[in-house]
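*Asks:* Throw the hints in and build the complete structure from the sequences for me.
The lines below spell out each chain.
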Amino acid sequence: MSKLPIASIVESVVDWLEEYCAFLFDFLALIIEGTVDVFSAVFHFIPPLLLAVLLAALAYRLGRWPLGVFALAGLLLIQNLELWDGMIDTLALVMTSAVLSIVFGLPVGILCAKRPSVSNVMTPMLDFMQTMPAFVYLIPAVAFFGLGVVPGVIASVIFSVPPTIRLTNLGIRQVPAELTEAADSFGSTAGQKLFKVQLPLAMPTIMAGINQTIMLSLSMVVIAAMIGAQGLGTEVYRAVTQLKIGEGFEAGLAVVIVAILLDRLTQKAIKTRGKSSK
Amino acid sequence: MIEVKELTKIFGTNPERGVPLLRKGMSKQQIFKETKLTVGVNRASFTVNEGEIFVIMGLSGSGKSTLIRMLNRLIEPTSGHILIRGEDIVAMNDERLRQLRRKQMSMVFQKFALLPHKTVAENVEFGLEIQGVPKSVRRNKARESLQLVGLADWEDSYPDQLSGGMQQRVGLARALANDPDVLLMDEAFSALDPLIRKDLQEELRELQEKLKKTIIFITHDLNEALRIGDRIALMKDGSIVQIGTPEEIMIRPADEYVEKFVEDVDLSRVLTAAHIMRRPEAITLDRGGPRVALQLMRDNGISNLFVVDKARTLLGVLTADDASQAVKEGKRLEEIMIRDVPCVTPDTLLNDLFELVGTTRVPVAVVNEERRLKGVIVRGAVLGALAGSLRSNDEGGADIR
Chain A
61 MSKLPIASIV
71 ESVVDWLEEY
81 CAFLFDFLAL
91 IIEGTVDVFS
101 AVFHFIPPLL
111 LAVLLAALAY
121 RLGRWPLGVF
131 ALAGLLLIQN
141 LELWDGMIDT
151 LALVMTSAVL
161 SIVFGLPVGI
171 LCAKRPSVSN
181 VMTPMLDFMQ
191 TMPAFVYLIP
201 AVAFFGLGVV
211 PGVIASVIFS
221 VPPTIRLTNL
231 GIRQVPAELT
241 EAADSFGSTA
251 GQKLFKVQLP
261 LAMPTIMAGI
271 NQTIMLSLSM
281 VVIAAMIGAQ
291 GLGTEVYRAV
301 TQLKIGEGFE
311 AGLAVVIVAI
321 LLDRLTQKAI
331 KTRGKSSK
Chain B
2 MIEVKELTKI
12 FGTNPERGVP
22 LLRKGMSKQQ
32 IFKETKLTVG
42 VNRASFTVNE
52 GEIFVIMGLS
62 GSGKSTLIRM
72 LNRLIEPTSG
82 HILIRGEDIV
92 AMNDERLRQL
102 RRKQMSMVFQ
112 KFALLPHKTV
122 AENVEFGLEI
132 QGVPKSVRRN
142 KARESLQLVG
152 LADWEDSYPD
162 QLSGGMQQRV
172 GLARALANDP
182 DVLLMDEAFS
192 ALDPLIRKDL
202 QEELRELQEK
212 LKKTIIFITH
222 DLNEALRIGD
232 RIALMKDGSI
242 VQIGTPEEIM
252 IRPADEYVEK
262 FVEDVDLSRV
272 LTAAHIMRRP
282 EAITLDRGGP
292 RVALQLMRDN
302 GISNLFVVDK
312 ARTLLGVLTA
322 DDASQAVKEG
332 KRLEEIMIRD
342 VPCVTPDTLL
352 NDLFELVGTT
362 RVPVAVVNEE
372 RRLKGVIVRG
382 AVLGALAGSL
392 RSNDEGGADI
402 R
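Sequence lines, in order, name chains A and B. Going by the numbering used here, the first sequence wraps up at 338, each residue one higher than the last. Going by the numbering used here, the second sequence wraps up at 402, each residue one higher than the last.
Heads up, some of the hints might be wrong.
Quick list of in silico lysine to aspartate or glutamate cross-link-like pairs, EDC-like style, CA-CA up to 16 Å [said to hold, decoys possible]:
id: 1; chain 1: B; residue 1: K119; chain 2: B; residue 2: E156
id: 2; chain 1: A; residue 1: K253; chain 2: B; residue 2: E51
id: 3; chain 1: B; residue 1: K211; chain 2: B; residue 2: E145
id: 4; chain 1: B; residue 1: K112; chain 2: A; residue 2: E238
id: 5; chain 1: B; residue 1: K25; chain 2: B; residue 2: E7
id: 6; chain 1: B; residue 1: K112; chain 2: A; residue 2: D323
No lab work stands behind these hints: they were computed from the structure.
*Replies:* Below, the structure written as structure tokens:
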């Protein structure tokens, strides 16, 4: 039996999309580029030292002093290694793809929770999105958007949105049946039930999903350096291609510091929310 | 006020095909065998009067929770009608149904179903918030409602800071805040400790007397049903097997199933003095002396005799020993009768009679508010009633020996 023409089918679909949906891609590119620019402009505007102190203060407020010390030391180290600009670019990309993931993922997650049929369709798609090697997304992304920041964000959104969708779905489904019944029995509309009962109760789970999404998009943003998304990934990528072990380690270390900070900060934010509602 | 007609719920695919089978008289088990349809509620029909507590009682799986959820259509009925003041709830459109749930019917849940992220007051306001009532108005309503259940000082607490009993009071306050005509209570007290449960049962009765709400109350506990229900419907396998007052159900169980239920009931909390009292023998003060009294006792084979006036107002009691002593010494009835007679009213619970009957030397008299003699409690009758023999209560006599 001859080889099935999956590759050529995918290519012709991509061609078709390129030809007829160009306006859509342009529009998307405009939004993404705009968001990235805003984030990066804001972060670049704040002097490194001030930003480090601000983040450390935030870490101290949310967590305890070790986290604050770690934030300050880590960020100063990045500044010292002259990787500050790369980190800012990476942060801007991560924030952009996180925001897009939430904007897209939350409603889809809610829809999945409300309609089993949507959930049945979405589950295999989510599996596909998460297990497909991340690099593969880079190719069509480049085809549609060219090299640069935009395809990087697109690829990382695709890669990182599933946890938000899954955990939003799960969180809403886990709301005790008696509570949704109570909402119904007092004459709630579907919207009132969602916003006054289901979402608030699902919030811790949803936040856990958003935390995962942020972590995944960080990992993808680094990979996206291969197609020209600026940031720490660029440094890592350069070090790899030039076999510069030391520089590679420095850039890798910076990524680790950013990752730990993002993870702890978002997690602490969830816990503080939980506490304040008690 | 509420009239339920042939209300049926069948679970499964194309449940409508089960309805004619039920009409043909097939049982739940037969229908499941042939069609894989599960009958939840089988043609339940009953009427709930304005201002009464109507208890639907049955074991788990009897369909009572399904039945109550059909009343506000949290579960859609398969067939049948529910008329509230003549309007069919089953036929209501979404908007009308929402109005019904907002204004006319509120529900109290077994596990309280309070919103953990809202304070007690915010929880109580929930129904009004949904109706779009302004904040200050609904806060006042919530306070009034919390006052009713005795939780006025807790409005700013969160539900998880309250005990189970208090949480359910909040649940009740939330249901009352809408000022509904009908309260649906789904096993509302089943998750509570026995003592707390009893308190709440009493409070519910008091509240109901004050507010005159129509209450439909689900329970699996017959003692609870008997204690709070004006009328009780017993369910088995999705069908209602008997509807009646607590007494009717206790004394005339419709079938073996009900009888079995009733067997385990603590009769002492259901039966009253009126059920077990016997016709009292008494002597009217002006119409005889000790000699007549002794004769009466001898004739009836008893050793005590009540003394009454012409209007049968209880004056005292006479013992045989005292009477024969009086005959010898020529004393009058007034001089020898014991005036300090233990008295109870006809609606005194058996439970409250034990101690009295156990400690008194003379028989316990049953009198009405005007102290007219209505009956006598014999110690043997109390025990007999508990043993389940509630037969003839006209054998007369006031023998406690």
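*Asks:* Compare the structure with each hint and give your call.
*Replies:* Taking the hints in turn, this is what the structure says about them:
1. K119(B) with E156(B): 10 Å, holds
2. K253(A) with E51(B): 31 Å, violated
3. K211(B) with E145(B): 14 Å, holds
4. K112(B) with E238(A): 8 Å, holds
5. K25(B) with E7(B): Roughly 14 Å between the alpha carbons, so the hint for K25(B) and E7(B) holds.
6. K112(B) with D323(A): Violated: K112(B) and D323(A) sit about 36 Å apart, past 16 Å.
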